[in-house]
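**Q** If you want the building blocks of each chain, they are given just below.
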Amino acid sequence: MKSEGNITREAASFRDNSGYVYYDENGTFFRRINPVYEEKYRLLMSSGLYDELVDRHLLIPHKEIPEEKKLTIRPKRVPYISYPYEWCFEQYRDAALATLNIHITALKYGMMLKDASAYNIQFINGWAVLIDTLSFTDYEVGKAWAAYGQFCRHFVCPLILMSAVDERLGKLMSSYIDGIPLDIGTEILSGRGGLFAKLHIILHSKSVEKHSTDRKTKDVYIKKSAFLALAESLKAGIEALKPAKKLTEWGEYYAHTNYSETSAAEKSLIVTSFLETIEPKQVWDFGANDGRYSRLAAKTAHVTAFDIDFNAVGRNYLEIRKSHEPILPLILDLTAPSPAIGFGNTERNTIGGRTVRPGKSPADCILMLAVIHHLAVSNNLPFEIIAKWLASICSNLIIEFVPKTDSQVQILLSTRDDIFTEYDEAHFIESFGRYFEVTKREAIPGSERILFLMKRR
Amino acid sequence: MYIDPGTGSIIIQMLIGGIAGIGFFGYAFRAKIKSLFTKKSPAVTEAAAPAADIPDTFKEIDDEI
Chain A
1 MKSEGNITRE AASFRDNSGY VYYDENGTFF RRINPVYEEK YRLLMSSGLY
51 DELVDRHLLI PHKEIPEEKK LTIRPKRVPY ISYPYEWCFE QYRDAALATL
101 NIHITALKYG MMLKDASAYN IQFINGWAVL IDTLSFTDYE VGKAWAAYGQ
151 FCRHFVCPLI LMSAVDERLG KLMSSYIDGI PLDIGTEILS GRGGLFAKLH
201 IILHSKSVEK HSTDRKTKDV YIKKSAFLAL AESLKAGIEA LKPAKKLTEW
251 GEYYAHTNYS ETSAAEKSLI VTSFLETIEP KQVWDFGAND GRYSRLAAKT
301 AHVTAFDIDF NAVGRNYLEI RKSHEPILPL ILDLTAPSPA IGFGNTERNT
351 IGGRTVRPGK SPADCILMLA VIHHLAVSNN LPFEIIAKWL ASICSNLIIE
401 FVPKTDSQVQ ILLSTRDDIF TEYDEAHFIE SFGRYFEVTK REAIPGSERI
451 LFLMKRR
Chain B
1 MYIDPGTGSI IIQMLIGGIA GIGFFGYAFR AKIKSLFTKK SPAVTEAAAP
51 AADIPDTFKE IDDEI
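As they're listed, the protein sequences go chains A and B. Counting in our numbering, the first sequence runs from 1 upward without gaps. Counting in our numbering, the second sequence runs from 1 upward without gaps.
No wet-lab data here; the hints were simulated from the structure. No incorrect hints appear here.
Below 35 Å or equal to it, Euclidean Cα-Cα: the simulated DSBU-like pairs (lysine-lysine) are:
1) A:LYS360 - A:LYS455
2) B:LYS59 - A:LYS63
3) A:LYS360 - B:LYS59
4) B:LYS59 - A:LYS281
5) A:LYS69 - B:LYS59
6) B:LYS59 - A:LYS322
7) A:LYS455 - A:LYS299
8) A:LYS40 - B:LYS59
Listed next, with one range per pair, are the computed distances between beta-carbon atoms:
9) B:ASP53 - A:ARG354: 24 to 34 Å
10) A:SER47 - B:THR57: 22 to 32 Å
11) B:THR57 - A:ASP424: 38 to 48 Å
12) B:LEU15 - A:GLN408: 47 to 57 Å
13) A:TYR259 - B:ASP53: 22 to 32 Å
14) A:LYS69 - B:LEU15: 47 to 57 Å
15) B:THR57 - A:GLN408: 34 to 44 Å
16) A:ASP417 - B:ASP53: 49 to 59 Å
Partial pick of chain A residues on the chain B-facing surface, computed with a CB cut under 10 Å:
17) PRO61
18) LYS76
19) HIS324
From a predicted model like this one, the values you see are computed outputs, not experimental measurements. For each residue, glycine too, the CB sits at the ideal point set by N, CA and C.
Work the whole structure out from these sequences, hints included.
**A** The following block contains the structure:
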């Protein structure tokens with residue numbers, strides 16, 4: 001991120017000459033609007049489009065900053081920035097539908113979306129929200145939708161792959177910063193996906209290939225009815241998509257845990273008392289499953305609920321889009337967390353690198369319940385390496401130690417040699433103790449497991 | 001214009017938009033009839049009100065993170 005005096009320009013904010021995003025020394029975000037875009041911004045605000053979209057929770061609210069010499073707005077803060085390759089199918093579909101609903105609504109006011117990047121959609125308390133206030137332009141009768149190709153690469157292609165082939169294919173988005181190339185989509189689909197895929201992916205891909213060196217598009221005329229019908233048919237097609245759900249290891253997790261209902265209740269009480277001691281504002285829940293413990297923290301904090309399992313994240317999300325609790329469920333494999341991608345590896349960041357909280361850790365508190373054995377045993381990670389990484393991203397840690405005698409650990413050990421001679425509580429405390437100060441230790445009644453509250457040294 | 005619309009993408013949307021445009025009024029009419037008889041799926045509904053005990057803070061800009 002480039003510094004200019006006491007402001008820092010957001011590294012990903014360079015594509016559009018309409019304006020750019022920056023933040024000040026307190027980490028407050030602003031959006032500068034360049035003179036070239038001012039007229040369109042005024043139209044967005046005066047036409048009623050802004051009010052309608054904000055009322056429907058589709059566009060980020062903002063206020064103007066009159067103290068600035070140049071036209072500047074301050075948008076509402078997004079609690080945690082997420083990327084399309086971290087969304088479950090249901091989130092991805094809502095992001096696509098939000099984009100189309102915004103585009104179709106804008107047409108009522110004589111405007112439209114000039115781009116359709118999946119990165120412009122963020123989730124706030126279960127709402128899919130457009131965060132780029134400068135995405136609107138005038139609709140001119142006869143012109144094509146310039147963002148259609150981008151919409152297909154960023155939304156249609158990943159959604160059809162996640163629906164017709166495998167939900168995990170959404171992760172392809174992290175390899176292609178401008179969306180999944182349609183020819184790759186065509187190859188993976190190999191005929192699957194029905195008419196919707198045939199039109200927007202396969203035929204579209206062929207057309208792109210055929211006209212790849214062709215620059216003559218001036219004679220194209222698209223009637224307004226056809227322009228609107230394209231958007232409406234995309235919407236209908238996406239609404240009809242269903243996730244390709246498979247039975248996964250974690251799908252019915254709470255039905256197969258080592259906890260009796262009483263132990264689970266005891267665990268909740270201890271976690272709550274730990275949270276009350278540290279009063280975090282930003283909590284990350286690693287291995288959140290369907291968000292059972294995230295909800296304890298969400299009473300007073302924003303929680304990002306990471307899990308590797310699409311079913312669990314999907315279930316959690318469907319709950320949140322009803323309740324609108326301050327929880328953001330995301331897909332994350334802790335053994336290979338989201339990388340930094342884009343030009344100079346600075347556009348889309350790692351899970352810790354994307355937060356802007358001057359003087360604070362990316363997370364005030366990390367919850368890591370019933371996860372340590374998966375990292376230490378299944379992934380052979382020494383406690384030391386786990387502790388060091390956690391200390392780089394949080395200031396407090398609530399972590400559950402699962403001893404070797406626990407049947408869940410025994411299951412993990414049943415298919416491999418027990419080379420884990422240092423997998424015990426003493427070594428756990430010793431390794432974590434180098435990075436954290438152990439402030440509380442509570443055994444969970446009715447189980448062999450132990451909860452720790454730790455403060456980073 | 002800061003993104004390249006791509007000639008191929010323009011041509012295909014002319015085609016799809018044209019076909020959908022003809023079929024759209026029929027489609028919209030069928031959808032309307034269908035919606036009278038079926039419950040809206042959760043994917044289609046948007047911006048449901050928050051649960052009663054959770055305040056809707058969406059329009060608050062100054063919230064602390």
